[in-house]
Amino acid sequence: MMPLDEPGWLPSLRLAIEIAATAAFALSGVLVAARKRLDAVGVCVAAFLTAFGGGTLRDLLLDHRPFFWIAQVDYVWGIMALSVAAMLFMRARHIAPTERLMRWPDTLGLGLFAAIGTDLAMAQGTPALLAVCLGVTTAVAGGVLRDVVCNDIPQALHDHRPYALCAFAGGWADVGLRQLDAPAWLPLVACLLVTVSLRFIALRWNWQLPAWKL
Amino acid sequence: MMPLDEPGWLPSLRLAIEIAATAAFALSGVLVAARKRLDAVGVCVAAFLTAFGGGTLRDLLLDHRPFFWIAQVDYVWGIMALSVAAMLFMRARHIAPTERLMRWPDTLGLGLFAAIGTDLAMAQGTPALLAVCLGVTTAVAGGVLRDVVCNDIPQALHDHRPYALCAFAGGWADVGLRQLDAPAWLPLVACLLVTVSLRFIALRWNWQLPAWKL
Amino acid sequence: MMPLDEPGWLPSLRLAIEIAATAAFALSGVLVAARKRLDAVGVCVAAFLTAFGGGTLRDLLLDHRPFFWIAQVDYVWGIMALSVAAMLFMRARHIAPTERLMRWPDTLGLGLFAAIGTDLAMAQGTPALLAVCLGVTTAVAGGVLRDVVCNDIPQALHDHRPYALCAFAGGWADVGLRQLDAPAWLPLVACLLVTVSLRFIALRWNWQLPAWKL
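Taken in sequence, the protein lines are chains A, B and C. Letter 180 of the first sequence, counting from 1, is numbered 180 in the working numbering, and no numbers are missing. Letter 39 of the second sequence, counting from 1, is numbered 39 in the working numbering, and no numbers are missing. Letter 210 of the third sequence, counting from 1, is numbered 210 in the working numbering, and no numbers are missing.
Source of the hints: derived by calculation from the structure; they are not laboratory data. Hints are not guaranteed to be accurate.
Some chain C residues flagged as far from chain B (calculated, every beta-carbon gap over 10 Å) [unchecked claim]:
#1 Ala33
#2 Ala34
#3 Asp39
#4 Ile70
#5 Leu82
#6 Ala85
#7 Leu129
#8 Val148
#9 Ala202
Just some of the chain B residues that point at chain A, by a computed CB distance under 10 Å [as the list claims (entries may be wrong)]:
#10 Ile19
#11 Ala20
#12 Phe67
#13 Trp69
#14 Trp77
#15 Leu130
#16 Val148
#17 Cys150
#18 Asn151
#19 Arg178
#20 Gln179
#21 Leu180
Treat the numbers as computed from the prediction; the structure is a model and nothing was measured. In this text, a Cβ means the ideal position worked out from N, Cα and C, and glycines have one as well.
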């Protein structure tokens, strides 16, 4: 088998996804805060919780220090600017198009953050099932924290559309390729592809998680 | 005084209680999630939070690593299977008998987890009052997290029936026997006995925590 | 410039503020718990969460061990006594005067805890913006946790009166004076003064955080 070198454009693509996804996560916090009529402080806190909550919980649960945001002060400034800009310029008529626009970076972030979390956990020797769960936690916990603080039932646990489940499948793709000794960059790409295509298919054909016929 | 050797059946009994209690905690998460109409992902998350939340918070607050569930991947599979089985087979008419059945393992778990938490904290030289509080946290925080994520006021803080308070008394029995140089297994058994009998008496005679006559 | 020695009364003043503020934070937990009709256990838990939640989260996020309350068992007894005393003696007619009385120690605590958190973070080499945010978190997170557990939208994110924002300004005063090589005690005093005066002015002239005209 020919060696598969890491394509040169991969790190840039990864960074671009990370920035776009962090912005989409923060914006989703801003929108929930707006719907709940939080004040300016609440809008910023919701944006931070959504963008940083999952990665912080992952670092806590993996005992991984320093926390990832120590090296990302730029993101902190960026999220603040985004929150203020949203409060200044966003009006009711912008919400629906913004949400449509956010769908792609949000889904890409779901896959990317799940892969990063799974990889970090595997690197510490965590058993595969736990590593995948920690990956999903990385991707989803920010949104859960946002909804908890805003006093909603978390959307990711409630709306019967596959979201965390797509990241769960993606995480297993990542773990599987690692066990096959694939080149280092392949598991991440596979996790992204599986997560994003599943999510796309699920939304396109309106898949529903089984409701409990109690 | 004759030396009190650890009875040979004690480790098996402890393991049996641990498994039964973990299953009861997870099931209580499943039931709350069902009542709140969460989807399949939400049901699993509620089960995990209830079963693992208390121990994880204890490990965080005691800085005890690796987290206890790293060595318990079997429990993770078990809780997943339990959640799926409940969604497949449990119907409205099963809920009341299930809840009756869960009462005993749940109470045994309350005592066992309080004792484990208290012992871990004492072993690190934590002052007695804090050790007992951390023991109660170990036993109760999972249920509190479950209710917070499901957007309920936590039952353990709200239903005026003694629950955490029984574990608090049990924790002091544990700490007291430790200070009397009792053999290593006795404090755990005493904590279990005190917690379980208090909880039984409280439910039997319908004791109520004082309501605030504001 | 003449050296500015630390005034001899400063440590005592700092301790007095710390005790008064911890009591005020705990009492605010007690009052929210009472309004939500929690039981005796819930009242104590709300008091502890409000008083200790912010500092605990700060220690977690800065990886600072042992947790500050390990050295403060006296505070734990004190908060328990306060909770029980409130349940025994406080009646509906006492609530409004108690809340008026708590306003000052609460605001002083806001400034003090923000300064302590900011200083701890700066001492670990955290970038200034993050240090200030961690200071604000120290001061505000306890109240947020209290409201989350009591199933309210957090007051600090919702009531449109400047609270966290005053601590944010105070934190920047602290950081600024540190960069000017001011004597060690000056940044803390400056943070206190800025926070308290801003909060006083904001309440006096009824400043409102911008509401989002969506």
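A quick look at each hint next to the structure:
Taking the minimum C-beta to C-beta distance to chain B, about 8 Å, the non-interface status of C:Ala33 is violated against the 10 Å cut. Annotated as non-interface, C:Ala34 brings its C-beta within 10 Å of a C-beta of chain B; the closest such distance is 5 Å. Listed as outside the interface, C:Asp39 is inconsistent with that label: its C-beta sits roughly 4 Å from the nearest C-beta of chain B, within the 10 Å cut-off. Under the 10 Å C-beta cut-off, the non-interface status given to C:Ile70 relative to chain B is violated; the minimum distance is some 7 Å.
Separation of C:Leu82 from chain B is adequate, the least Cβ-Cβ distance of about 14 Å exceeding the 10 Å criterion. Interface exclusion of C:Ala85 from chain B stands, the closest Cβ pair being 12 Å apart, more than 10 Å. With a least beta-carbon separation of about 26 Å from chain B, C:Leu129 lies farther than 10 Å from that chain, consistent with its non-interface assignment. Not every Cβ of chain B is farther than 10 Å from the Cβ of C:Val148; the closest lies at roughly 6 Å, contradicting the non-interface assignment.
A cut-off of 10 Å between C-beta atoms confirms that C:Ala202 is not in contact with chain B; the least separation is 30 Å. With its C-beta approaching chain A no nearer than about 18 Å, B:Ile19 sits outside the 10 Å limit, and its interface hint is violated. With a cut of 10 Å, the hint placing B:Ala20 at the interface with chain A is violated, because the nearest CB-to-CB distance is about 22 Å. Annotation: B:Phe67 was flagged as interfacial toward chain A, and the flag holds, the nearest CB pair being 7 Å apart, inside 10 Å.
Given the 10 Å rule on beta carbons, the hint for B:Trp69 holds: about 7 Å separates it from the nearest Cβ of chain A. A cut of 10 Å between beta carbons decides the hint on B:Trp77: the least distance to chain A is about 7 Å, and the hint holds. About 21 Å separates the beta-carbon of B:Leu130 from the nearest beta-carbon of chain A, more than 10 Å, and the hint is not met. For B:Val148, the interface hint holds, since its Cβ comes within 10 Å of a Cβ in chain A; the closest pair sits about 6 Å apart.
Because the closest C-beta pair between B:Cys150 and chain A is about 7 Å apart, less than 10 Å, the hint holds. Annotation: B:Asn151 was flagged as interfacial toward chain A, and the flag holds, the nearest CB pair being 5 Å apart, inside 10 Å. Because the beta carbon of B:Arg178 sits about 29 Å from the nearest beta carbon in chain A, more than 10 Å, this interface hint is broken. Because the closest C-beta pair between B:Gln179 and chain A is about 32 Å apart, greater than 10 Å, the hint is violated.
With a cut of 10 Å, the hint placing B:Leu180 at the interface with chain A is violated, because the nearest CB-to-CB distance is about 36 Å.
Against the hints set out earlier in the document, violations occur for numbers 1, 2, 3, 4, 8, 10, 11, 15, 19, 20 and 21.
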